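Peer 1: Top to bottom, those sequences are chains A, B and C.
For the first sequence, this note's numbering assigns the number 711 to the last residue and increments by one with no breaks.
For the second sequence, this note's numbering assigns the number 167 to the last residue and increments by one with no breaks.
For the third sequence, this note's numbering assigns the number 101 to the last residue and increments by one with no breaks.
Source of the hints: derived by calculation from the structure; they are not laboratory data.
Any given hint could be a false lead.
Claimed, not checked - Capping the alpha-carbon separation at 20 angstroms, the derived lysine to any residue pairs in SDA-like fashion look like this:
| # | chain 1 | residue 1 | chain 2 | residue 2 |
| --- | --- | --- | --- | --- |
| 1 | B | Lys26 | C | Lys100 |
| 2 | A | Lys683 | B | Pro90 |
| 3 | C | Lys100 | C | Asp55 |
| 4 | C | Lys100 | A | Gln686 |
| 5 | A | Lys683 | B | Gln92 |
| 6 | C | Lys100 | B | Pro90 |
| 7 | B | Lys26 | A | Arg691 |
| 8 | C | Lys100 | A | Ala195 |
This structure is a prediction, so every number in the text was calculated from the model and none was measured.
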Amino acid sequence: MLRLIGLIPLLPVAGVVINGLFGRRLSRRAVGLVACAAVGAALALSIGAVVQLAALPEGERSFEVSLGSWLPLGSIDGREVGIDWGFALDPLSALLLLVVTGVGFLIHVYSVGYMAHEPDVARFFVYMNLFMAMMCTLVLASNLAVLFVGWEGVGLCSYLLIGFFYDRPFDERTGLSCADAGRKAFIVNRIGDLAFLIGMLYLLLEFGTLHIGELGRAIGAGHASEAFLTGAGLLLFFGACGKSAQIPLYVWLPDAMAGPTPVSALIHAATMVTAGVYMVCRMSALYSAAPEALAVVASVGALTALYAATMGLTATDIKKVLAYSTVSQLGYMFAAAGVGAYTAAMFHLMTHAFFKALLFLGAGSVIHALHGEQDIERMGGLRSKLPRTFWTFGTATLAIAGIFPLAGFFSKDEILWSAWSTGHRAVWGLLLLAAIVTAFYMTRLAWLVFCGEFRGSAATWGRVHESPASMTVPLALLALLSIGGGWIGIPKVLAAGADINVVHHWLAPAITPVGGAAVHGAAQGGSAGSAGRGEHGAGDEFGAGTGFDEEGEFGSGGASGTGGERGAAGEFGAEGAHAVGAEHGAAEELALIALALVAAVAGILLALAIYRRAGVAQRLARQSGPVYTLLRNLYWVDELYDAAIVQPFYRISRISGAFDRWVVDGLVNAAGVGAEITGHVVKLFQTGFVRNYALMFLLGAVAILYYLATV
Amino acid sequence: MQTLAFFVLTVLAVGSAAVVVGPWVKNQVLCALALAFNLVSLAGFFFLLDAQFIAFLQVIVYAGAIMVLILFVLMLLNVQDERRLAAARPFQRWLGPAAAVAFALIVVAAVRSGGGALRYPQPSAGYGTVRALGLELFTRFFYPFEAISLLLVVAMIGAVLLAKRRL
Amino acid sequence: MAFGPQSVLAVSAVLFALGVLGVLLRRGAILILMSVEIMLNAANLAFVSFARQHDHAEGQIYVFFVITLAAAEAAVGLAIVIALFRLRGSTDVDELSLLKW
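If we strip away everything but chain A, and leave its shape as in the complex, we get (with noise of 0.2 angstroms):
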């Protein structure tokens, strides 16, 4: 099955043919279930093709197909050139494939019940299913060019799925619809993708390659300097940027809700976001060693973290608040990335998955009884009546709040170690600050919208009834998952010292560690250096002999591996050296752990205590006066862009819209017009007056013979 994972992007595109061609002729019931077959045998063919993964050995784990040569390019520089329709599958895009496939297709199933009104359902899930075939080439892909691809082909489907319902109204406050929400994330994107495309082929000039593993090997081997690479990384980021809302191309994020609310769960959540992680963890081997480019990225990461978890504390629509978490928790997988914890950001995207689909899902689920209602100011006391999507969303809140034993739990505290244990002690304490901050406004959209008392009309409340069992199954599917998806990343202090991180020796092979060698593709014997705990930056350059024993010490560089057996992760195979050093950070560990634990709990106290009794928040509100009008506003950052960027542009474009209509159009009106008088002129020797005939040859026979005469 391996053989067919190719296959894994065209299966939806089957769906996308069908439902495209006969979609408005077919059943409405038809039409879901092509979609959710397509998926659903796209999730089938992925999970036996990771299973067949897994049964490699663990150096091996990696398996290339091209479907052929899209760009024979010739050659650079005496090199032979070319861009092939590559798909490779190792651990990284495992991982991710699963959580795509799978949530996509819980999503798909959801989506049944949840467009049950819906008119044009065919042409949803033509958009939705396109939407999975790009995510999956982005996935698979084993060359950067391929990924450009998925990336940009996500970002068409999102522009669709956002301006679905192109001829509503979307936001009273800016006077955007739907439409107009659509062009701007599709716009916005448009700017991180021109810097990703210009890092993508100063690599390509550079290294003559796009193919990841061999991008890897070569960086690997020293051919480039470091501040090449670092330019590189950063454009590279800049185009991560946008696609995964990052300041300073969040912009589109809180608007992309816009869209159907299975689209705000499964591209703007739980997938097409999280492309921007997955692509700097591809690129480890780059990123890794261009430290100055991590440094950038684990502080915009964790800026970005703390600052949308700030707006998310007054916004007042229910998936504007989800889309703030959402812009920060990403800060949150970039910052881990950023400070070298490669497999805690991929860890934490899978965890944040589930839980930000399921409150989605679960918000979609509150809109969808209340009939479209957004505004939680005119929720509460739902709870009586939506008695299973306040569990699961309850469930999905305190996961993401980083209650132990949930999921979000474990990864969340990962990133605290790994931020904290290589010294990045700025971002450790930005990103307390924004987990204290989440859990206060997640606890609080769910008090606002689930307890209490009811706040809007009372005939609304009437109508109100629980979902379908289409939606509030993969509503359940979801809740465990976010209970238990952090248990395969049990850190092992945690563990009584047993080492059970199966995310961890998962993933290492995959991912090349700041300072260690590069791994990438079993044809690098000698994997070490894993990225996980306790590893450091140590500049010295990569690939030379020596290792170094010290407190998280990495094994050497392949030189030095002996067959490549020195399992998965050298640190545990000289995990006896230090002992010593290893307790002496698991008591670091616990105690972070807790003061972590200690504030998720605090900010949920905190909410519970304002929220509970009426009219706290509105005094509070009242008396930060400033405060709360800069978060209420969103720090102005629309109005700025605006008013910098956009207006400046729209003067420009209409200048050249005038030169357009009058200089270019009249120099050719002109040239009718020309023709036009000269005719005029000419007319006038048409005088029908035969006798002037006569003379206009007697004229030209005088003009002749002068000539002969003289000549």
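With the hints as your guide, set chains B and C onto chain A.
Peer 2: Okay, now just chains B and C, sitting in the frame of chain A:
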């Protein structure tokens, strides 16, 4: 003697041509008669230049047949006196004569500067006789001769067709 | 003879110019035709003069043909004038102005 004849004939020819062309005589039949006079003076010219056969031809065909034809038609159609060129056509009234004069001047200037002879040489014996012309006509110019007879047939047919009241 | 080819050609040129003037300034169709005859005659004169000058009968042959052609042309032209007269009731060429823009 011949010079005198030449001048007299010149005056007659140019004068009658002027009558035909000019604005002094409005009656079209009188103009036709002036034309006949012009043709005969030209026949005189031909005589002067020893082209006897051609001179006769001119009188018989041109002044005899063609002029009669023209007079026939004039009388048939009972044409009225001619009205003059309207005053509102300055372009025609001034540019026309100017161009014609220019034309004549150019030709004369060309002739004079071309180094043309000032005197006629003596003609050979039998020059301009029927015999000489006949010899040329039926040997070298046989083909044009036949062609022009065809042309005459065509012209005849054409004239009849054009002038019929109903085809 | 005291006159020479140049004089005769000058006369021919003047006659031709007069004919042209007639075509340009005269209004009756038949008068125009007559002016054309004048032009043709001027040409004939030039031909004869050259023939005499070079002592060759060829020029006279040309005159022969020109006269014949003039006859044919006069016939056809007059037929056209008759047809025109039937249409318009007069031979005034200024009335034929349908080609005016």
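Peer 1: Confirm or reject each hint.
Peer 2: Checked hints:
1. B:Lys26 / C:Lys100: 28 angstroms, violated
2. A:Lys683 / B:Pro90: With Cα atoms ~19 angstroms apart, A:Lys683 and B:Pro90 stay inside 20 angstroms; holds.
3. C:Lys100 / C:Asp55: 50 angstroms, violated
4. C:Lys100 / A:Gln686: Holds: C:Lys100 and A:Gln686 sit about 5 angstroms apart, inside 20 angstroms.
5. A:Lys683 / B:Gln92: Holds, at about 17 angstroms.
6. C:Lys100 / B:Pro90: 18 angstroms, holds
7. B:Lys26 / A:Arg691: Within the cut-off at roughly 19 angstroms; holds.
8. C:Lys100 / A:Ala195: Distance ~69 angstroms between C:Lys100 and A:Ala195 Cα, so the pair is violated.
In the structure shown, a violation is registered for the earlier hints numbered 1, 3 and 8, in ascending order.
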